[in-house]
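Undergrad: If you want the building blocks of each chain, they are given just below.
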Amino acid sequence: MVRRKCSPKNRTIATYLSKNTTDRLFYLIKTPVSFVFCHSEPSAKKALNAAQPPHNSKFLIIMTLSQKILSAHCGGSAVAPSQMIMADVDLSLGNDVTSPVAIKAFSESGGKAVHDPEKVAIVLDHFAPNKDIESARQCAACRAFAAEQGIKNFFDVGQMGIEHALLPEKGLALPEMLIVGADSHTCTYGALGCFSTGVGSTDLAYSLKTGKLWFRVPQAIKVTLKGNLPPNVSGKDVILNLIGKIGVSGARYASLEFFGNVSALSMDDRFTVCNMAIEAGAKNGIFPVDDVTLEYVKSRTNKKFEKTDTSDIRADEYEREIIIDLSKLKPTIARPHLPENTVTLDEIAKEKIKIDQAVIGSCTNGRLSDIKAAYEVIKGKKIARGVRCIVIPATQEVYLQALRLGYIEALIEAGAAVSTPTCGPCLGGHMGILSDGEVAIATTNRNFIGRMGSKTSKIYLASPYSAARAAISGYIG
Amino acid sequence: MNMKNGKAYTFGDNIDTDAIIAARYLNVSDFDKLKAHCMEDIDDGFAAAVKCGDYIVAGENFGCGSSREHAPAVIKACGVSAVIAKSFARIFYRNAINIGLPIVECADAANDARNGDVISVDTERGTVNNETLGKTYSFPPYPAEIAQIIKRGGLLK
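So the protein sequences, as listed, match chains E and Y. Going by the numbering used here, the residue at position 356 of the first sequence is 356; the numbering climbs one at a time, nothing skipped. Going by the numbering used here, the residue at position 44 of the second sequence is 44; the numbering climbs one at a time, nothing skipped.
A portion of the hints provided could be inaccurate.
Unchecked claim - Derived EDC-like pairs: lysine to aspartate or glutamate, alpha-carbon spacing no greater than 16 Å straight-line: (1) E:K104 x Y:D30; (2) E:K458 x E:D325; (3) E:K455 x Y:D112; (4) E:K212 x Y:E145.
To be verified - Here are some of the chain Y residues that sit facing chain E, going by a computed Cβ distance under 7 Å: (5) D16; (6) R24; (7) E69; (8) N95; (9) G134; (10) S138.
Calculated directly from the structure, the hints in this document are not laboratory data. Here a beta-carbon is modelled for each residue, glycine too, at the ideal position from N, C-alpha and C.
One chain only, chain E, in its complex shape (with noise of 0.2 Å):
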């Protein structure tokens, strides 16, 4: 078998083997100059020969940072795109709405007990506080279930917060982890070099009942970021750019890989950019591993983790690059129905969009910088009159901080009302429903028909910076 990973002075010659979907096995040859598939290992001999004689015997195995993680996780052998594969999982995560459906298909497939309670992590985060009966009948089971199976990582009411905010703030989630949820924004974990992807409700139970699940390999987009970012502009503003470039479609089973000068993003500008991978159809979005992330992992845990090394992750492997130039975005907002349908701030402020709502919070957009964001533009004005301005801070412990840099009181005293955590308004859930024909602008990440509410009511996706000056102005821009 050509399988040896080589040093990274002899990387002139790059092979891997792998399966394709057909179940076949293939030989990928990559030299500096060409590449070539064989099916046969004599022919991948005979091609490597042919590419640089003598090579002795010096092969590199090639992956992106997503498939890296995954091969280290199914045995170490290396993986390649559209390959299946039954990894080891680190963290499976569940909330309100999609736990109940994984615990009834747990136990109906007779499962007694999880595979590690330790690798569990459940969220009680879309409809509570219980919104209704029905919403409470949700929440019991999962607390019943976690009180059943021993899951400590489990997320009530006084200590939950909206679980893409809560994970990384509890610890839970480190470089080079594999994670699954049930919640397709799990993709935000991605930000700290960790393969996280969204999945099913089955998918969560098998993964609970056996510690592992099946995955196609991805190809990967990579996105190298130049430059720093202009005032005002924000993680949010990147994505909505990226996502308006490719489209909702755009990185569909693919992995969003974002090198470059990754270190003008904040640690919480990165979540917000791999939030909204789910949003170009990505299976997840990846940072590398650099000081910010470690300063930030190491402020919130003693756990040893991994670090992948990506100094041998060479630009050939990626399906196409992307060069987003910090220095040239501006705040963007995504119209409705779809977070493709961008178009600058300065741009759409022509066309003097009433709003009746802002919300400002979400997995996307609820952490401290963003309560700070809009605290900021709001502070000593006044919410414009007919304006509703929801602010969501993501967990306690960001609503707690809010408070007492006193940014939640300047929210108040200028009429926004404030709440628990809770992802509420962002799915059309509660706190914040919207009417027939209103407009809101949103911090959230999807503007789909009725999502927030009535299916005639209409969206506009932002930043805090954003929402918080049209929540003043009572306009967009």
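With chain E's structure known, arrange chain Y on it following the hints.
TA: Frame of chain E, contents of chain Y only:
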């Protein structure tokens, strides 16, 4: 699996999971109750009209958005035999497979089909037959691992 003839219900590109089943209803997880709201925000007559054995035919990126398994589950609960689309969003794709809802990626069949056409699907032969148009389309076989899950009727079967 050779499925019987059914009526095609056509939809466009980027049909999201909120359109398939709006999150406002997800305070319950009984799919037989939820099926009455299937496709409600984009076609409020669908749930009442669709019959057991009918098909959904759609464009690109069907099932984009949330990871809710309720989306393929309510489609299945409505009696839909299979979803045929130009392409599927990835979480919807794996959810459908995991719960045993057949899904077929076949761009030509999805392109040609009109609302109300009589169609059928044969997952073993890999064909979509549009009886109204008199055309048969083929689609590539599922990867072996996925074919096995489909054969078992779902991931936990």
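Undergrad: Each hint: holds or not?
TA: Verification of the hints:
no. : hint            : in the structure
1   : E:K104 x Y:D30  : holds, 11 Å
2   : E:K458 x E:D325 : violated, 30 Å
3   : E:K455 x Y:D112 : violated, 29 Å
4   : E:K212 x Y:E145 : holds, 15 Å
5   : D16             : holds, 5 Å
6   : R24             : holds, 5 Å
7   : E69             : holds, 4 Å
8   : N95             : holds, 4 Å
9   : G134            : violated, 30 Å
10  : S138            : violated, 15 Å
Checked against the numbered hints listed earlier, the structure breaks hints 2, 3, 9, 10; every other hint is satisfied.
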